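Please take these sequences and the hints and turn them into a complete structure.
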Amino acid sequence: MTYLSRLFVALSVVLAFGLSAPQVQAQVNPTQSSVNEDAMFQALGGDSAVVSGRVTIPDRGAGTLISPDNKSWAALQGRTLHTLSIWAVIGMIAILTLFYLIRGKIRIDSGMSGRTILRFNWVERFAHWTLASTFIILALTGLNLIIGKSVILPIFGEAAFGTLSAYGKIAHNYLAWPFMASLVMILLLWIVHNIPEKLDLDWIKQAGGLLKKGVHPPARKFNAGQKLIFWAVVIGGAGLSYTGIMMLFPAEAGTQADWQFYQVVHALIAAALSAIVIAHIYIGSVGMEGAFDAMGSGEVDENWAKEHHSLWVEEVKATQKRNTTQVTTPAE
Amino acid sequence: MARMKFLCDADRCIECQACVTACKNEHEVPWGINRRRVVTINDGLPGERSVSMACMHCTDAPCAAVCPVACFYTTDDGVVLHNKDTCIGCGYCSYACPFGAPQYPQTANFGTRGKMDKCTYCSGGPEPDMSQAEYVKYGANRLAEGKLPLCAEMCSTKALLAGDGDIIADIYRERVVTRGYGSGAWGWRTAYGDTVTV
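Chains as they are written, first to last, in our numbering: chain L, 23 to 354; chain A, 2 to 199.
Quick caveat, the hints were computed from the structure, so don't treat them as lab data. Everything numeric in this text was worked out from a predicted model, so none of it was measured. Glycine included, each C-beta is placed from N, C-alpha and C at the ideal position. Honestly, I wouldn't trust all of these hints.
[Claimed, not checked] The calculated label-pair distances, taken between Cβ atoms and stated as ranges, are: (1) Q18/A - G68/L: 28 to 34 Å; (2) D61/A - S332/L: 58 to 64 Å; (3) I257/L - I15/A: 55 to 61 Å; (4) D69/L - T158/A: 28 to 34 Å; (5) V287/L - Y74/A: 29 to 35 Å; (6) V308/L - Q133/A: 51 to 57 Å; (7) I124/L - Q107/A: 51 to 57 Å; (8) G194/A - A61/L: 18 to 24 Å; (9) W32/A - G276/L: 23 to 29 Å; (10) G68/L - K148/A: 36 to 42 Å; (11) L211/L - P31/A: 47 to 53 Å.
And the structure:
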């Protein structure tokens with residue numbers, strides 16, 4: 023190929039590109055091919071998608087532009103859990119009122135004997151009352167966060183309700199720790215007495231004698247009903263503690279969706295456990311004669327103990343007998 | 002009554018951050034809080050767009066639904082405001098908001114977040130309009146002075162529009178028809194249930 027023909031080819035290539043390039047640019051406007059909100063959401067997977075980008079401020083979380091799914095949690099927390107919590111509490115109180123009206127206070131069938139027997143020592147009572155008092159405050163301040171705005175706000179007005187809720191939140195955050203400590207205490211103190219056994223099935227079959235006067239299925243230190251309360255408190259309390267810690271330390275919880283999940287679980291367990299504990303408070307106070315003494319003075323009436331915890335009384339008596347024989351019989 | 006809304010025309014936004022700066026300056030916003038921010042989507046890729054985002058003042062605001070102390074209220078102009086005296090800093094609204102608007106002056110653990118702060122659409126709070134108490138807690142009340150939010154008013158490319166929802170939607174629609182494209186009214190479907198259709 024000659025020098026001239028090479029030049030000609032080179033020129034024609036340059037010419038061809040040089041002439042056609044402006045035409046291509048005129049047809050496609052690069053600014054036109056922008057991201058489109060609707061298309062982007064569709065590509066990312068609909069309403070549960072999160073659109074995010076880059077921000078120049080230190081708070082990287084601000085890079086999340088739109089997360090429509092947060093509205094689903096808002097509806098769940100603002101409406102569903104709100105209604106559910108109200109019904110859990112009102113429902114349990116209604117059931118107990120009905121139970122009280124039909125069955126009345128459960129009396130000691132053989133009457134008070136006058137002799138008492140130690141049921142819970144001071145360590146057990148301390149653990150129980152720490153757990154109970156913190157739980158009640160936690161439940162009330164927690165319930166206030168869910169239903170306070172529709173129950174307490176109209177009565178006390180915005181200023182008083184705001185102050186009450188602010189102190190309530192502080193109480194909730196800090197009393198959670200003695201709650202958790204006493205939860206560990208009751209677990210260690212009572213787990214041996216709360217292992218399910220065959221005896222519990224009979225107790226449940228007879229409904230613990232709750233429904234019929236004079237029926238007293240045998241039980242050891244804790245009957246099946248109390249075992250259920252124990253495990254509900256231990257498992258529910260552990261669940262509340264874990265989800266609660268995640269809510270207190272949001273950075274540990276992970277994403278917003280994770281935090282929302284913990285909040286929903288926390289509220290559900292709280293509603294269920296509150297209902298269970300209301301029943302527990304009922305039977306331990308107005309619902310049954312002689313029951314409160316167990317946690318009050320720690321000493322229960324012997325006849326009460328024989329009726330509700332027959333096998334436990336036998337165990338205690340046997341131990342006492344063994345101990346006294348050892349003491350009174352001199353060593354030879 | 003007008004129904005106030007924000008609309009960011011992402012095809013005009015040049016990510017100059019002037020809206021962010023104007024907002025901070027106008028309201029003396031505390032350190033670490035950004036009532037408005039600019040987010041760049043597809044950064045460095047073809048079709049990159051920047052969107053200026055703040056509280057969208059939603060219809061049926063999700064923050065108000067979750068607030069345990071009911072401190073939110075919607076004004077006659079459709080602006081979602083809150084009462085810092087009632088706020089307990091629980092943080093729920095920040096998890097309910099689809100736009101990341103609620104922020105807190107403290108980020109310590111144990112729920113010590115302080116009172117929530119967010120865009121007020123330049124219209125203060127429950128205190129008397131343009132009072133010192135209102136300024137300290139919420140910043141300037143331009144709406145009471147008959148002015149629109151400063152971020153939109155000083156936007157150099159008029160990308161950020163503020164005003165009655167119907168009017169700014171018409172302006173945006175006209176722009177899209179004239180130039181032949183538009184990336185959409187970002188956040189409108191989530192905040193108001195419907196986007197601007199052309």
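Consistency of the hints with the structure:
Checked against the given bound of 28 to 34 Å, the beta carbons of Q18/A and G68/L, roughly 31 Å apart, stay inside it. Between D61/A and S332/L, the C-beta spacing of about 60 Å keeps the proposed range 58 to 64 Å intact. At roughly 57 Å, the beta-carbon separation of I257/L and I15/A lies within the given 55 to 61 Å, and the hint holds. The hint said 28 to 34 Å for the Cβ distance between D69/L and T158/A, and at roughly 31 Å that hint holds.
Checked against the hint of 29 to 35 Å, the pair V287/L and Y74/A passes, with Cβ atoms roughly 31 Å apart. Range check, V308/L to Q133/A: Cβ separation about 55 Å, and the 51 to 57 Å hint holds. Between I124/L and Q107/A the beta carbon distance is about 54 Å. The supplied range of 51 to 57 Å therefore holds. A hinted range of 18 to 24 Å for the beta carbons of G194/A and A61/L is consistent with their spacing of about 19 Å.
Look at W32/A against G276/L: about 26 Å separates their beta carbons, and that is inside 23 to 29 Å. For G68/L paired with K148/A, a C-beta distance near 39 Å keeps the hint of 36 to 42 Å intact. A C-beta distance of roughly 49 Å is found between L211/L and P31/A, which places it inside the suggested range of 47 to 53 Å.
Comparing the model with each numbered hint stated earlier shows that all of them hold.
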